[in-house]
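> Each chain is listed here by its residues.
2 protein chains.
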Amino acid sequence: MDFGKRFRVRPGTEFELDSVDPGFHGPHANDVEAAESLKQNLDRITKLQRMLYAEKKHALLIVLQGIDGAGKDGACWHVMSAMDPQGVHVTGFKQPTAEEREHDFLWRVHPHAPRRGEAAIFNRSHYEDVLTVRVHKLVPKEIWKPRYDFINDWERMLAVENNTVILKFFLYISKEEQLERFKTRLDDPAHQWKISESDYTERNYWDDYIKAFEAMLSRCSADHAPWFVIPSNHKWFRNLALSQIIADTLEEMHLQMPKPSVDLDEIRRLYHQSVEAEKRSAGA
Amino acid sequence: MDFGKRFRVRPGTEFELDSVDPGFHGPHANDVEAAESLKQNLDRITKLQRMLYAEKKHALLIVLQGIDGAGKDGACWHVMSAMDPQGVHVTGFKQPTAEEREHDFLWRVHPHAPRRGEAAIFNRSHYEDVLTVRVHKLVPKEIWKPRYDFINDWERMLAVENNTVILKFFLYISKEEQLERFKTRLDDPAHQWKISESDYTERNYWDDYIKAFEAMLSRCSADHAPWFVIPSNHKWFRNLALSQIIADTLEEMHLQMPKPSVDLDEIRRLYHQSVEAEKRSAGA
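In the order they appear, the protein sequences are chains V and P.
FYI, the numbering for the first sequence is 1 to 284, going by the working numbering.
FYI, the numbering for the second sequence is 1 to 284, going by the working numbering.
Bear in mind the hints are in silico, worked out from the structure with no lab data behind them.
Be aware that a few hints might be false.
It does not matter which identical chain is used: a pair holds within one copy or between any two.
To be verified - Keeping only pairs whose Cα atoms sit at most 25 Å apart, straight-line, the calculated SDA-like set for lysine to any residue is:
no., residue 1, residue 2
1, K47, K175
2, K235, K259
3, K141, Y53
4, K5, I195
5, K56, E197
6, K39, Q86
7, K56, R6
8, K279, M1
9, K94, A120
10, K145, E33
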């Protein structure tokens, strides 16, 4: 099944999250059945990222958004595991600092755009400024409304100017699944420290968030920077879909290993010289 | 076997690399035999890094140095794989840019020092400025000589000021093993692009490098920032030793999960309220 095609938000359409079943899990019944496909995807990513890094022609930007508990951290770790860490940077965008708030909303994001040859993963992103900020009215509508265009302009610039391929994943879980995950945190000593009341009070804004998500998906999916809505109630399926879409995208970039910058026969000669020198010094 | 104790360079001693066998591989005969110990180390790192991140009291800085082919990239990937990527940053230090050269040698390094709660891995580091720079006489002796002290001062400041635990690993391979690895690159299409003549011409400076490594190890191993010389002819052993030392160090930090910032019983009440609300809205 081509998850990229299936989950891609068609640019210029009014997208409704109701059209997606967050419990969808494709042809596999569970993680065990999906394991082999997942492994293949990760192996493809490993191989292709090496070429991306070597060729230095394109950059890859992966954006992860989703409501609390949707699995952004897990997805991030999973994708990273397939990539040589020297070619990929993860940035988590938290509450902006005082200094950041004194700038335009893209100011703190821009420095983390990937250079050619590299991948960047944004765990939350500039989209927070049309999500949380909109839902909680942290700035007036006159301010957040033009941001959809600013985001589109900025992403287009990255795509054109720096060959940045942009993939944006909205991890979609149901309201019930979120509650389940909060429950798990409550029972897990390793997670209790980060529980806050706001986990629950934020749920009162669920419908507002859905509206903000839909606006983002409808207004900011572009051919050069598509949004994908990933059914994420099943973590294993989320990883499977994500890895397939990333691997397929890298494949479509027709990456090529650069030619060696040196004459390999000449280098082989140097190699044999070195071997001879070793032998002599061992004999000496 | 306590690799930390065994491979640690005692502060204030004249260290000679001749005293280390780069082919050493401890009690295990091969990677298969070592697999279970390695897995245990990585599991410990995963668990402890989560606590480091949550507690936000200490920072961890891991420095990797070694001659070309010593396995810095591989070691880096390996260590990273055990850590949640949102709490760790890898920085590879390449040839300094023109702007960087117009500053002191620590200027480009300092911004990458880890914040409390985070780990940073340096793939090459500020030590290049007393290694390559010294060997190739890129700056005169008056300039590189005081740098050992500057490095010690800076690392001590990080340790004292920011609770930064600093672990420095020198990955030590033999001259023959390096040649073997170059040979492998020559035969591997995925690596041919980055082969250069200098791989071989640099070998002419082997003894000078050894001298520079020894000076670095002798002058810059401190209790709060020890150097470890890791026998690295066997990649699996390198990973095993590294992961054990990192896990042991994290353990000695007596990390603790912070207490929840909220009353968990109160949160459980909120949870049950939410469950009830779900039920009502499903019934409605």
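> Each hint should be assessed against the structure and marked as holding or not.
Status of each hint after checking the structure:
1. K47 / K175: neither (37 Å within a copy, 29 Å between copies)
2. K235 / K259: neither (40 Å within a copy, 28 Å between copies)
3. K141 / Y53: neither (41 Å within a copy, 36 Å between copies)
4. K5 / I195: neither (36 Å within a copy, 39 Å between copies)
5. K56 / E197: Between copies, since 21 Å is at most 25 Å while 46 Å is not.
6. K39 / Q86: The answer is both: 21 Å in one copy and 23 Å across copies each meet 25 Å.
7. K56 / R6: neither (30 Å within a copy, 41 Å between copies)
8. K279 / M1: neither (57 Å within a copy, 35 Å between copies)
9. K94 / A120: both (16 Å within a copy, 19 Å between copies)
10. K145 / E33: neither (44 Å within a copy, 60 Å between copies)
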